[in-house]
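Participant: Since the structure of chain A is provided, determine the placement of chain B on it from the hints.
As you go down the protein sequences, you meet chains A and B in turn.
The opening residue of the first sequence carries number 411 in the working numbering; numbering runs sequentially from there.
The opening residue of the second sequence carries number 13 in the working numbering; numbering runs sequentially from there.
Just so you know, the hints here were simulated from the structure itself, not pulled from any lab data.
Just so you know, not all the hints are guaranteed correct.
Which residues of chain B face chain A? A few of them, derived with a C-beta cut under 10 Å, are [to be verified]:
| hint | residue |
| --- | --- |
| 1 | 25 |
| 2 | 39 |
| 3 | 81 |
Backbone N, C-alpha and C fix where the C-beta goes; we use that ideal spot for every residue, glycine too.
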Amino acid sequence: MLQVIQRLYESPIATAIRESENLFPILQTFHIVGTIALAGAIAIVDLRLLNVLLRREATVRVAESLLPITWIGFALMVVSGGLLFVAQSARIYENVFLRMKALLLVLALLNVALFHATTFRQIRSWGPDGVETPVSARVFAALSLVLWAGIIVTGRFIAYF
Amino acid sequence: MIERIFVRLGDTAVGQYLASSTAAFATVESLHIVALAVIGGVILAANLTVVGWILRGSKASAVIDQLRGLFLGSLVVVALSGVLLVAAGPYKYYTNPLFPLKLLLLAMPLGIHFVLQKRLRTRRDVDTGARVLAFGSLFLWSGVVIAGRWLGLI
Numbered sequence: 411m412l413q414v415i416q417r418l419y420e421s422p423i424a425t426a427i428r429e430s431e432n433l434f435p436i437l438q439t440f441h442i443v444g445t446i447a448l449a450g451a452i453a454i455v456d457l458r459l460l461n462v463l464l465r466r467e468a469t470v471r472v473a474e475s476l477l478p479i480t481w482i483g484f485a486l487m488v489v490s491g492g493l494l495f496v497a498q499s500a501r502i503y504e505n506v507f508l509r510m511k512a513l514l515l516v517l518a519l520l521n522v523a524l525f526h527a528t529t530f531r532q533i534r535s536w537g538p539d540g541v542e543t544p545v546s547a548r549v550f551a552a553l554s555l556v557l558w559a560g561i562i563v564t565g566r567f568i569a570y571f
Numbered sequence: 013m014i015e016r017i018f019v020r021l022g023d024t025a026v027g028q029y030l031a032s033s034t035a036a037f038a039t040v041e042s043l044h045i046v047a048l049a050v051i052g053g054v055i056l057a058a059n060l061t062v063v064g065w066i067l068r069g070s071k072a073s074a075v076i077d078q079l080r081g082l083f084l085g086s087l088v089v090v091a092l093s094g095v096l097l098v099a100a101g102p103y104k105y106y107t108n109p110l111f112p113l114k115l116l117l118l119a120m121p122l123g124i125h126f127v128l129q130k131r132l133r134t135r136r137d138v139d140t141g142a143r144v145l146a147f148g149s150l151f152l153w154s155g156v157v158i159a160g161r162w163l164g165l166i
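Here chain A stands alone, though its shape is the one from the complex:
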């Protein structure tokens, strides 16, 4: 594993990012814009599932209409985040907050995958003209909010410790 990290660190693209004066902050800017779009859109959908926001709109419409934004945000976040990681990989590989963030990210992705594979299938029936959002969906939504907040916090902490 360490060898892979070392090779990534020494790759031409990682070296180019490190040696450029502005590339690193430019990537950081894309990373934060992507993260805000992704986490913001997810928060709106989760709060709808928890019945605290947009209660007069059908849940399925809120979830479906914000889905493209989460994908765009996710793509921006992953590409810029991947490049930021590669550029510093050998230096931050052992950072405890980086590892916590990676774990939280895996958990958040598992959470959404599991949600979509199970209770999400009934989403069309939830909302003002349908039935109450089931408890299982609310648990997925609450977990998602906590996990994404944790990802942002641990991500910020990587820079300081």
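Facilitator: Below, chain B alone, put in the same frame as chain A:
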């Protein structure tokens, strides 16, 4: 006058504490970004509804009404945490040319949001003017985030 406010802010107990503790500073910064992400979600949901890209068929003014509580709540958190960040290093911000630019960029979409709300309430349909305001708001909020990131770098 403004310089004195910055100095006073830095002299407060909380300002001194945040200047001395990396963990506390990073915590406030994280809170600032989490609340900003929530605002980002609200801004995207509200303005994309106005331009007709999402929640088609829903009344834009009704959607904005339903988002108002969350918008104002997260705005308060962003503002308070922002003041705390300035208190931790007042000179850094006082002398930074991006700081007034960021505040100006912040004031503009807030003003736009107010005008847009009024316009949607008084007119039955979303017109071109409302759509332009919504695009302007999205554009300026992006500017706030970008200026905010570079503020910490220069």
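Participant: List in ascending order the numbers of the hints, as given earlier, that are violated by the structure.
Facilitator: Of the numbered hints, just 1 does not hold.
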